Amino acid sequence: MLKNKTNDKEPLFHVTKRDDVTFSKAMGIRAIAVVAAFVFCMILALILAGINPLKMISSMFSGCFGTQRRIWKFFKNLSILLYISLAVTPAFRMKFWNIGAEGQTLIGALASVACIILLGGKIPNGLLVLIMFVAGVLAGAIWGVIPAVFKAIWDTNETLFTLMMNYVASFTVAYFLLVWTPSGSSTLGMLSYGWFPQIIHEYFLVIVIALILTGVIYVYLNYSKHGYEISVVGESQKTAKYIGINVKKVIIRTMTLSGALCGFAGFLIVAALDHSVTTQTVGGQGFTAIMVSWLGKFNPIAMFATSFLITFLDQGAAQISTEFNIDSAFPSVIVGSILFFIIGCEFFIYYKVNFRHKAKNMVTMAASENIVKDEETLNNEALKQENKTAIDEAAHETTDVQDAKQDVKQDTKQDINQKAATLQENNGKESEQ
Amino acid sequence: MSKEIALEMRHITKRFGKVVANHDVNMEIYKGEILSVLGENGCGKTTLMNMIAGIYYPDEGQILVNGEEVVISSPKDAFRYKIGMVHQHFKLVDVFTASENIVLGDSGEKKYNIKAVNERVLGITKKYGFNIDPSKKIYEMSVSEKQTVEIVKVLYKNADILILDEPTAVLTPQETKKLFSVLRNMRADGKSIIIITHKLHEVLEISDRVAVLRKGEHIATIDTKDANESLLTEMMVGAKVELNIHRSEPKDPKVLLKCEHLTSINDEGIKVLDDISFEAKSGEILGIAGIAGSGQRELLEAIAGLQPLNEGAIEYNNPKNNEVVNLRDKNPLQIRNLGVRLSFVPEDRLGMGLVGNMDITDNMMLRSYRKGKSIFLDREKPRNLAEQIIESLQVNTPGVNTPLRRLSGGNVQKVLVGREISSAPKVLMVAYPVRGLDINSSYTIYNLLNSQKENGVSIIFVGEDLDVLLELCDRIVVINSGRVTGIVDGRTITKEEVGLLMTKSRDEEVENA
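Residue numbers (my numbering), protein chains in the order written: chain V, 1 to 433; chain B, 1001 to 1513.
Among these hints, one or two may not hold up.
To be verified - Incomplete in silico selection of chain V near chain B, CB under 8 Å:
| no. | residue |
| --- | --- |
| 1 | T16 |
| 2 | K17 |
| 3 | R18 |
| 4 | S224 |
| 5 | K225 |
| 6 | Y228 |
| 7 | E235 |
| 8 | K238 |
| 9 | T239 |
| 10 | K241 |
| 11 | Y242 |
| 12 | I243 |
| 13 | G244 |
| 14 | N354 |
As the list claims (entries may be wrong) - Pulled from the structure, derived: some chain V residues nowhere near chain B, Cβ distances all over 12 Å:
| no. | residue |
| --- | --- |
| 15 | A31 |
| 16 | I57 |
| 17 | T187 |
| 18 | Q237 |
| 19 | A240 |
| 20 | L313 |
What the hints assert, rightly or not - Under the rule of at most 25 Å between Cα atoms (straight-line distance), these lysine-lysine pairs were calculated in the BS3-like manner:
| no. | chain 1 | residue 1 | chain 2 | residue 2 |
| --- | --- | --- | --- | --- |
| 21 | B | K1178 | B | K1504 |
| 22 | B | K1371 | V | K248 |
| 23 | V | K225 | B | K1330 |
Quick caveat, the hints were computed from the structure, so don't treat them as lab data.
Bear in mind that the values here come from a model prediction, so they are computed numbers and not experimental data.
Idealized CB from N, CA, C, for every residue including glycine.
Okay, chain B solo, but in the shape it has when bound (with noise of 0.2 Å):
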């Protein structure tokens, strides 16, 4: 390998307000390697890269393409020095094809020849071992192949340099492998690689160094061959964390919730939802996984009374009294009012679950302001309960009258998750409750639902990260394109076999069975 610098950033400096988002950062990436950049959500990494892609303009310091000092100030002049970025956030118009969008903003002097790029679009795929077709509408395509459009758009414009936002955040381990495989085909064709990742077995296949990156300052970088997991969470947490989840026996697991036959056609006619049928017991962790967009947010949101179903049934099992109640076709006020102890943590935390612009406290009185006859706010129960919220999960908030937003993304959860578990639920629905959030905000959530199930909690949990799910649930309902494809046992079950759950088409289903 050729140890030609291709880019070098020096003494890097980016501020936002008072927020030091990149400090004094130095580091440097050669021709035809693939570097991770690694560290916590909120450590700056997108930050920094966005500065390299011309989207923001360092506060201080240098930026050097080739060994010399350039001036990136807006993604034009990114790609004038042969530097492109896959952003985390898909950039595709929609109903244009593969093509139309790869030439999208491309001024070139030649007449704008569809064929042309067609064939380019082409002999890029050929030479990378991509798979796509050029004409085919971003609108009809699956995750995976949007972000090969993506990086194809950045090679049709001669990159040397590709930037990669958490591109396996969104792909299956079995597109995860496709994907490393292309990326190892430009190194080996001299392109630099850099991929901003939070996920370490992925940065220990994949790269040939990682750079650690740790409140805005770059901590080190170190080659692969020398890392492995723990020194790596060492070096972006700061401290020796404790990498296991607990899992324990469930106790007395009974039916708390019953869900059959549940089917939801959506205004475009889909079906989001097809004849779901799952049991929740009461001190277990269900996990519900599936490839993003796969009806788990309208599975939950049906549960919860937010999404309207054709068919089905949904029947809460009131451990007080041994009523059965159906949910279906009642709002989440209606069921409430019938007694149902059932919480709801969203996936969509300042958009769905809490008001991003009202403080703490508005936030805590969300659930409980209907209390009383008044016609007036009492808002001294919900500010003592943020007060102590905010002491016994360690939310870091100046106080009780921050505007939420200004929250980091693990203290926004910490919040809303403390609010959803104040109210004693016996069913705690929670979707992707650690995303985005720091290794150590993730643990202490974990341990939040772990105590929960122990208190002989039913928890629904939606995530993402496989490594997860299999480590926390007890069980793991598998969904495909709103379909159950298999309800397996969260302990025995390896991770190849509910990838390839959730991957498997409706034909496949026929043919086994």
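The following block holds chain V by itself, in its conformation from the complex (with noise of 0.2 Å):
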């Protein structure tokens, strides 16, 4: 209460970075966030749509897991999204801003689209497949591997150079569909060869490898030489060179693995599902990737559950525009706060907001009243953080020497008994019982 008109000039919060985050603690700020994500879409529907938020909730799953159908849809349409996000991965990894996944695999579709219009019915099926299989694999890598190239030699843009190649994609995959449709429509039919093997049900196989895919990429990122080497690269070129790596062998490598890894996600969309193509087939999972291997980290596992979750919000929000029949608009919007929530909550995990001395007490019993939930939460936590004694701190610290500690922990000592000295002096009698 003694600096009270200084305290008013103070600013009200400020930020400053965490040291080091535990992944439980981290974990807890991202499930607060995705709460918080539900509690502020909820309040939208009921405000802007007018729909029960918890119908809109439970139509979402439902969406998603309320029939065999769409279980095994959304699963599918999850193994294609981790396929692409698994292909720009190693690419992201070495700093290698890889944005032309969308192009990779609309040309490794069309390749393969092409095989089966050149040689179906002309050979065995199983012979089909496979050379779709090499065929699509291949244009993704030359897709890939051309950027690369221009990169490791000329120091070109990749990010421009790949998001150029997606158009080149795209209107090579326009001007084919011309040729192959002699009627002008553009419109291929379902192709009735080159289809891939079913087994348990159509989409079991498609599951299965892009999980089998998960494990290879990861292990081949975290314990091979070549992830190894990715990862030094994109830390530092210049440690890379140091070390005697050959920086440009390393870019066209791993772009080269990048392409081809789209190529074979553009197979699978053809001889696994759509046994056709057009312009849309990818449908800008090219570039929802590039969310899901940032959100799980550029870590395979995580981006399991990061595209479950973007999975989850895309067929959820289709489900609730059929469900209540409202412009899909309503559903983008959702979607987006909810990623917004998730994305910008990433911040807490890195920085914590201190708020100024006085306000503490006023601004926490004003969050339980008016103010939305996650900033309440934040405040708690700050508060928490306020009230750990000094001495807390000082036991947890790890990074000094033993010594260091003792210091530290003696001179919180003696700032506790000053502190403690000043309130005697100011509350006067009242301390001293």
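Please assemble the complex out of the two chains, which come individually in their own frames, going by the hints.
Structure, rendered in structure tokens:
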């Protein structure tokens, strides 16, 4: 109370970087974000669309898991997204911003379809599928390696280059659709050759291969020499050169892999799912994959979770749209809001918000009434942090040597004694008891 | 001297996560005095000053300017209270002139008039004895001129309290003298000057009082006249430290590395290395002295196979079979495959020698991961090596799985030097190995280098602190603008002579020749 005047001038809060966040704490913050996101969306639903918020949430769940068919479809969509996300990840780990997965996948699909049109019915199905596989992977690899070569030799901007390659792929598909449809309709029907074998369910193999590939890429990135080189090049090209890594070779090799995996996804889309190709075959998943990979911190296992989330939002939103018969813009608002919360919470994982000392109590009181939920939890956390005694903090400190710890402990004790002394001075008789 | 307090800090505490950068610091500075803030790296000197300059905001405590409590939450606030800071890394726009940089960010109501600005700048420089051309562009300036611009910039904004963060780190002895005379002029004018430094002799030379920080806490402020080097060191470190570097006579020196006429031209067409020739012998420490950016980095990188050469030869005499191989135009991997036992501790530790985001084990692996035919990594041996280094060099780390960027500068350097020594080199190149290290860590490194020297390793040591170079090295190669200006005996030469060689221009050379 002594320094009322100055506290008014003190900023309301300031942000400090967290030193080290435990895994459980980070997950806790993310969980809070997800809950807050859903609460926010329910409010939106009520105000903007007049929909019963609980019904909206349940319709999202039923859209994804309501029937057996929907569950298969859900995991199929998840798998395709995961394939492309896994494909871009090696490049991302190398800090090569490949945003051309859309084109690389599409060109893989186109190459597979081309095989069907040229060879369908002329050779056994098994052989055809094998040729389609090789062609799709090769086409994707070529689409990936072109920008890599330019980057390695002339240091061109890979982001622009891969982005432009998307348009080239898209118009190449449009061109061939014209060539292959004599009627000029540009719509290729479902092709009857070159179907991927099906066991248990039409989507079963697609899903299983996705899971296997997740494991393979995880091991490749974390336990192989190639993966190690990718990490070093990504972290610092100077370090890579210093230890004699051929940076150009690694860039080209990794982008070949990245493109080839995209091409493989394109092949699977054709052979196992669509049996056809259009310019919309990949449908923007090449871009969504970037988000999946980033949100999963380039860790294939975590990416399974993030692609699960994104697929859930997508499919759930579509269900809302049909079930409540409203414009698809509204579900997009919902999806956008949820993503905003989830991406936004990363800030709170790396930074701590410190509120000004005096306002602490007032803010928490107000928070319970009219400040949105996530802010409240933040305040509480800040409060908890503040309330922890300095001694606790010193005890947890692991960075310094033992004697330093003791120093700090002693000094914090002194500090507390001093504070107590000033309190005594200020409050006179009260504190003497 | 008037004893009026210009600025006072009360109970300042600042934390970064769990790390307490400053703890309950109380300090004051008077008008018309020079206060040195002394302390080892990581003791919180810069953090403390950044709070006065408005870059950080203290978690606890108050700052008083002229006896009134103030809130400084941005550099703009700091300027309002007439506080200005000159940072260690200059914050200047290269393509602007000195004057343009000086008025940058000055939102005066008057119309921008470059002529008036130039006049005022000249007025300031004349008053305090600076030497500067207001219309010279920054990229044409030397380091010392850039620093002058930074100081004038602060004075132009009418600062009464100036904070200089390690101002002498980049200067030659002569330039330092000039700076100090300017600072004395400012003191006479009633300005308060805070100098952050860890060079003891400079503290004793320039300041009126010394404030010593240790591990974020203010130990004491004493009058400089009562201080001496060993007392200050003891206050900084908290224990008595032996300040002598041991130097043994080289045993049986044989030429291991012979550089002849090394010339390298960079992308801009500038000769970064200009006809450099010298020999490095086994069992000796060869120092390389020069102003920052004189070609030291390029020289070492050329030997390590990272800097292409336009002319010259680097001959390595393999002591095993007396074969001579030329290292020119070979990459680091090829050099290694030739059986050349060359280790290199680069200047940029986390950007070149190590990877900050990887743990200690993975950093150990950088040199050795290729071993074996398996496509998978073997983390077993690197982990053992990491544990060994942590133990023998007393690296302060929670474990081998801690990302390197979490370690302090000294510990990072121990990891790097440890890894480079572990491959039993014959030639060991180290660039600024103690930059940013505290006194104890520095001496650990010196001792490591000396023990390598005694094992017959040829050490090439690029340093910036002339005192250390003169104490540690057997011979010193002085370079300036990519040219060798002298190869001298480290035992007999004086600091001033080396300083002169460091700044010797080509014209003088021609005249002398």
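Right, here's what the structure says about each hint:
For V/T16, the suggested interface contact is upheld, since its CB lies about 7 Å from the closest CB of chain B, less than 8 Å. Proximity of V/K17 to chain B holds as hinted, the smallest CB-CB distance being about 6 Å (cut-off 8 Å). For V/R18, the shortest C-beta to C-beta distance to chain B is roughly 5 Å, which falls under 8 Å, so the interface hint holds. Taken as an interface hint, V/S224 checks out: its beta carbon lies about 5 Å from the nearest beta carbon of chain B, inside 8 Å.
Taken as an interface hint, V/K225 checks out: its beta carbon lies about 6 Å from the nearest beta carbon of chain B, inside 8 Å. Against a cut-off of 8 Å between C-beta atoms, the interface hint on V/Y228 holds, since the closest Cβ of chain B lies about 6 Å away. Hint status for V/E235: holds, given a least beta-carbon distance of 4 Å to chain B, under 8 Å. A least Cβ separation of about 5 Å between V/K238 and chain B falls short of the 8 Å threshold, and the interface hint therefore holds.
Annotation: V/T239 was flagged as interfacial toward chain B, and the flag holds, the nearest CB pair being 5 Å apart, inside 8 Å. About 6 Å separates the beta-carbon of V/K241 from the nearest beta-carbon of chain B, less than 8 Å, and the hint is met. A least Cβ separation of about 5 Å between V/Y242 and chain B falls short of the 8 Å threshold, and the interface hint therefore holds. With 8 Å as the threshold, the beta carbon of V/I243 comes within range of chain B, its nearest partner Cβ sitting at about 5 Å, so the hint holds.
A hinted interface residue such as V/G244 counts as satisfied when its beta carbon comes closer than 8 Å to some beta carbon of chain B; here the least separation is about 3 Å, so the hint holds. Annotation: V/N354 was flagged as interfacial toward chain B, and the flag holds, the nearest CB pair being 7 Å apart, inside 8 Å. No beta-carbon of chain B is positioned within 12 Å of the beta-carbon of V/A31; the least distance is around 22 Å. With a least CB separation of 37 Å from chain B, V/I57 remains clear of the 12 Å interface cut-off, as annotated.
Every C-beta of chain B lies more than 12 Å from that of V/T187, the closest at about 45 Å, which supports listing it as non-interface. A cut-off of 12 Å between C-beta atoms contradicts the statement that V/Q237 is not in contact with chain B; the least separation is 10 Å. For V/A240, the condition that its CB be more than 12 Å from all CB atoms of chain B is violated, with the nearest at approximately 9 Å. At roughly 30 Å, the least C-beta separation between V/L313 and chain B is larger than 12 Å, which holds for a residue marked as non-interface.
Proposed proximity of B/K1178 and B/K1504 is supported: the alpha carbons are some 17 Å apart, at most 25 Å. In summary, the hint linking B/K1371 to V/K248 is supported, as the alpha carbons are separated by about 21 Å, within the 25 Å threshold. A threshold of 25 Å between alpha carbons decides the hint, and for V/K225 with B/K1330 the separation of about 23 Å falls inside it, so the pair holds.
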